[in-house]
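Engineer: Could you put together the complete structure from these sequences and hints?
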Amino acid sequence: MSMTEYKAKRDSCRQRLQSKYDILGFISSGTYGRVYKAKLKDKDESKLYAIKKFKPDKEGEQATYTGVSQSACREIALCRELHHANIVGLTEVLLEDKSIHMVFEYAEHDLLQIIGYHGQERKSIPEYTIKSFLWQLLNGVAYLHANWVMHRDLKPANILVTAGGVVKIGDLGLARLFYKPLQPLFNGDKVVVTIWYRAPELLLGSRHYTKAIDIWAIGCIFAELITLRPIFKGEEAKVENKKTVPFQKSQLQKIFEILGSPTKDRWPTVDEQPEYQGLSAFRQYPNALRGIYQSWPYKSEQGCNLLSAMLEYDPSRRITADEALNHPYFQEDPKPGWDSFAGQQMDLPLRKITHEDKDMKIANTVQRTHPVPTVKDERSAKRPRIEVAG
Amino acid sequence: MAANYWTSSHATNWILDRRKLQEAVQEDLEYVDIDTLTKIKMWYYNRKIGKRLQFRQQVVATAIVYFKRFYTKHSIRLTDPSLVAATCIYLACKVEECPQHIKHIISEMKAALANHGGFDYDTSSVAEFEFYLLEELEFYLIVYHPYRDLILIAKDLKLEESNLQTAWFVINDSYRTDVCLLYAPHMISLAALYIICVLHSENRIKDGSSSGSAGHGHIHHSMLHEANLSSSSPMLNNMGNPLHAQLYSMASKKSPGGPAYGEGQGINNRDMVQWFAELNVDMEEIIEITQEILSLYDIWRDYNEESVPAMITALKTMDAVKPATEPSVSDDADEGELQVTCSVDGREVEPGEMIENVECEEGEVQEDQVMVYTHSHTQHQRVRTNSGHLQSGTGSIPSSSSPSTNQKSVGVVIPFN
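Residue numbers (our numbering), protein chains in the order written: chain A, 1 to 390; chain B, 391 to 807.
Treat the hints as calculated values from the structure; they're not laboratory data.
Note that this is a predicted model, so its numbers are computed, not measured.
Virtual Cβ for every residue (Gly too), placed ideally from N, Cα, C.
Which residues of chain A face chain B? A few of them, derived with a C-beta cut under 8 Å, are: (1) Glu5; (2) Tyr65; (3) Ile76; (4) Arg80; (5) Val93; (6) Arg176.
Structural biologist: The structure is reproduced here in structure tokens:
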């Protein structure tokens with residue numbers, strides 16, 4: 001029983017992606033596949049889209065079906081349900097050429113690009129803009145958490161910003177529901193969150209981590225928006241075999257140098273962490289965050305309070321997204337707004353696209369022989385990321 | 391979404407009405423009757439695959455919902471339910487965050503179906519079909535189940551462990567009906583509790599005592615439990631009728647007051663009645679769900695797992711059941727009006743008309759029922775006859791309630807066996 005009749009019926013009513021959208025160019029590529037900028041063929045529609053094409057699995061030169069990856073599955077399942085101004089909107093999913101194509105609303109910028117641009121120009125991001133980014137980011141994460149969704153890979157590259165200054169949290173490929181999980185979260189993915197944004201409980205091997213890991217990452221992003229460089233820029237110890245997770249000594253070192261040592265006083269259950277023994281290798285550091293903060297461009301006392309509340313060692317004491325939204329920092333002038341660029345001279349460059357591969361034919365295997373240099377390719381070479389297993 | 395069922399795709403896109411479900415089975419019903427079709431589907435829900443893979447109930451439940459959603463759009467006859475089932479399981483495992491290797495699923499499928507037609511698919515055919523399945527599910531993958539609500543309610547009611555267990559088993563059974571396509575999960579969990587409640591009072595009535603005893607809850611619990619573990623055993627056989635009668639009478643009174651009053655071990659029925667009365671839910675809907683679940687036990691009574699593969703073969707290979715009389719096509723249909731033309735014995739019958747003495751060729755009518763079937767895909771009704779006589783029956787063709795169509799229809803009366 002081959003279901004030929006059924007398949008023929010389904011195939012005949014499927015609309016081809018390129019009969020509906022014009023591909024304007026190629027944006028970036030990653031382990032998952034490639035992203036393209038597109039618009040509807042309809043001349044009256046000016047709305048832009050980002051089409052994420054998951055790379056098909058290859059057996060030799062021939063694309064084959066090997067099953068939808070866990071990461072694509074999560075992203076589809078969650079994006080299809082989530083509707084929020086600060087979460088990137090999924091318009092539709094199209095299946096063709098043995099690949100999944102997720103059509104998202106387009107965002108002109110992302111925090112990595114904005115941080116990079118300001119770093120290069122040696123100018124700070126305006127305080128209003130930072131506060132608006134942070135507030136909207138917390139707003140989106142509060143929505144995720146209220147819906148029992150953990151993002152698990154918050155970092156500047158995944159925080160998109162529209163031309164109108166609205167934050168859109170993207171890349172939910174590592175996100176998952178945490179309401180009464182059937183298995184401990186640790187059993188599913190051994191490593192979550194890109195190293196520089198990874199919370200201390202994860203670095204110490206915690207089996208039952210919580211949504212507080214997302215808040216830690218937001219704290220790191222907040223600091224990076226102010227200083228234009230990662231606050232805890234450790235060297236990632238590489239995974240040697242799949243069974244064991246390496247001890248991230250360098251990353252912990254960077255955290256301790258700024259926040260001080262994680263004492264039992266600051267984190268009462270620190271000695272219950274699986275990798276607690278590893279802490280004896282470090283010397284004692286005092287908490288230097290407040291002093292370091294004073295050297296940064298914006299000296300709001302409340303800003304410093306909020307940052308240290310997000311970078312609390314003890315996950316149960318770390319501020320929640322809801323609490324953070326009500327933090328006095330957001331009551332102070334300048335108050336955050338929906339257009340993070342309002343009244344600011346940003347002069348941000350537009351997202352670079354290349355005009356080849358408009359027929360979306362370049363597959364990752366081909367790419368190896370004809371490398372396509374892109375903004376993200378260059379920067380991701382320097383920046384760590386999470387490799388999501390299929 | 392996850393925190394709010396009401397804004398989820400489950401609530402907004404995947405609660406269907408009965409007409410939609412009727413349309414879905416139309417094609418298969420040209421070949422087999424509704425009870426047979428139900429048994430065929432039951433066979434797939436019931437395969438040992440879930441048990442073999444030691445899946446958690448939630449994974450199995452999600453897979454079944456995917457399977458059911460798929461079959462609201464396609465017929466069993468033109469598809470292969472074993473491939474659909476395998477793919478549903480594979481996808482459900484990923485969505486419920488306990489992924490299994492595709493090869494593992496396939497080998498378990500092969501083992502489970504070894505003596506039942508086999509499973510002749512490899513990795514790439516299951517993975518290819520996953521694309522079709524995703525499309526049919528409209529990429530809505532997150533499914534809500536009554537279990538979560540049941541646990542919350544049980545906590546609120548301080549329900550005894552054994553009663554919680556029984557309600558849990560009733561919910562398991564409910565996945566063999568269509569209630570998960572028709573009603574919100576929390577309503578299904580309430581219906582499960584309602585059934586437990588009624589079981590208790592039934593038991594007390596039979597016992598002739600209102601005091602209750604320690605064993606009370608467990609009598610029914612073990613009965614249900616037994617039935618659950620071996621699906622071929624008759625369910626609730628010996629109490630089916632009084633239970634039905636009681637439920638029907640409650641439904642007709644449209645009052646929540648079902649369970650008898652009395653103090654007993656396990657469930658305090660007075661509290662329960664009070665509790666149900668104070669709920670701001672549609673009690674009629676709960677009773678509908680209850681009836682739907684109980685009618686499953688009816689079908690289950692003569693369900694024999696071994697006989698199903700033959701039914702499936704029949705469905706796949708058989709020509710359409712031969713109509714008792716040749717269909718007559720009417721060409722002068724008024725636009726916008728559903729044209730149902732049924733010929734019985736050469737005489738045209740109108741929708742809604744009483745048919746008397748339906749004459750069928752001897753041997754074709756096995757039961758005292760005829761079914762009126764139209765190709766309009768909007769109407770499909772079984773006409774119950776009053777007499778049990780094989781050769782005659784009285785019934786009425788339900789008048790058209792269809793919003794469609796100016797489509798030309800062919801109506802036939804076919805024997806219902």
